[in-house]
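Participant: Kindly produce the complete structure, drawing on both the sequences and the hints.
Counting from 1, one number per residue, gives the positions in the sequence shown under the working numbering.
It is possible that part of the hints are untrue.
[To be verified] Per label pair, the in silico range of CB-to-CB distance:
1. Thr251 - Glu401: 42 to 52 Å
2. Glu71 - Ala144: 22 to 32 Å
3. Gly93 - Ala519: 32 to 42 Å
4. Glu233 - Val211: 14 to 24 Å
5. Glu3 - Asp247: 27 to 37 Å
6. Glu305 - Arg394: 23 to 33 Å
7. Gln53 - Val211: 53 to 63 Å
8. Ala29 - Gly93: 18 to 28 Å
9. Ile59 - Glu401: 31 to 41 Å
10. Arg409 - His463: 50 to 60 Å
11. Ser241 - Ile411: 50 to 60 Å
12. Arg309 - His30: 31 to 41 Å
13. Thr400 - Ala471: 36 to 46 Å
14. Glu401 - Ala519: 51 to 61 Å
Hints were generated in silico from the structure; no laboratory data involved.
Built from N, CA and C at the ideal position, the CB exists for glycine as well.
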Amino acid sequence: MSEPLRLQGISASAGYAEGPLFSLDRATAHYTVKATAADERAALETAIGVATQRLGGLIDTANSEAAGILEFQIAMLEDDALSGPAFAAIASGQAADAAWRQALDTEIAGYETSDQDYFRARAADLRDIRDQVLRALTEDDERAAPAGAIFYGEDIAPTRFLETDWSTGGGIALKAGSAASHVAMLARSRGVPMVVGLGAAGPSASPANPVGIALLDAEHGGIVLSPSPAEIEAFRRSSSSFAARRDKAKTYLAKPAVTKAGTRVQVQVNIADPSDVDGIDVATCDGVGLMRTEFLFGRTLPDEETQYRAYRKVLEWAGEKPVTIRTVDAGGDKPVPGFTVAEANPFLGLRGIRLSLARPEILRVQIRALLRAGIHGNLKVMFPMIAVADEFARAAALFTEEQAGLAARGIAQKMPPLGIMVEVPSVAIAPEAFADVAFFSIGSNDLTQYVMAAARDNVSVAHLNSVRHPAVLRLIASVVAFGREQEIPVSLCGDAGGDPASIPGLLEAGLRDLSVAPAQLAMAKAAIADVPV
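Facilitator: Written as structure tokens, this is what we have:
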């Protein structure tokens, strides 16, 4: 029997899984070389079409989040800039499979070596696209994984995740991967345990093709290969404890969130698509603390009517409860075709409100849709990536102008309260420059990243990226204190709001309004109930 091997990575989706390891590494399938370059080109064109059609078929059964991922892949497949080098190589005499692999591997390498989290995370999508086309070229079928398997390898393709039946258990353990990847987002939404970065300690520490039973602890970010009976027993105790905590948390779901001292805490939800509210009982939350609008800005820029209908749906669902909609936060880790620009350092570049103000014709369309939707509920609007007061003043002025235009045309509209995201340190350090905003919403993801100069999905510096660091909590507390003095409401809508380990510190910093992912509602309320303040 092999000695137990323990590997440590980063938790991408909390949970526990015990099952047989299934290697994600695949042998190269055989490709039959064609007679002419024209035949090779035709073969690649056909394979790209087959892959596109297959992705389109998956969209038909996917939820909104998964559909967005698949649409991103289809857009990449339809981009001539991606396939062009492969066709050029074919014209020079290369076989279709080698030309496609070489072209995509070059593109993937560029993404993997990027200093930006978003592009490193999207490398998995490019590998998926590469393999989908190669699969069509070779008519190769993927091996089926046993029920409850733990998928182990460098990375996992989004389509592989979507085609897997997770109802029988199982999990994902990746030597590379990213907590910001599309698969990680899917895993969190479906409750599939997932750990990434297991190869950070070096290739010798992480075996290439291990076999047998493994224990995946995605609550703490670890895995045990070839476990001993004692380790299996201890693991099962931890797994049972996690399940018990999760089940107990469900009893808090329908109740108001209250601390041990009886302090009421508002708990709202973050959503990324109007369809997200279809699975949420509005009675279990205090409204929508963050409605992202990037989902609308996909392969084409959305028109006013499309946006209006999306906003109205959520406002009518919420009734009298508040719905805070963020103007499009494009750029950084959210590129939008026809809108964003390529930059050397997009997280410090033209993103969020900066980009919207640079393209006011696009922002004005969104503003008109928001003003029209405002009559259907309790709407609040906030601007992302505000760094200086002039940005808020210019954005607010556009609202005033567009409201006057709608009123002049006799179109029903309502001006919502306008607030800002607190995610740039300049705002958190000097909030007095923003005394005229209606509310503050702390974006803990970017604020922590900028304060600590550490990306949360970079294994090498993940230990530094913590909202619980005194520097981050001190800034949050100062914003809350300023808000209390000026009677400006302050909430938090970043991932930290749904993290049970971070909630005590956030409440001690004075926060009384958190917005979390819908799947985190119960655990967040349970964690609040244990806080003494």
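Participant: Run through the hints listed earlier and report the numbers of any the structure violates, in increasing order.
Facilitator: The structure breaks hints 3, 7, 12, 14; every other hint is satisfied.
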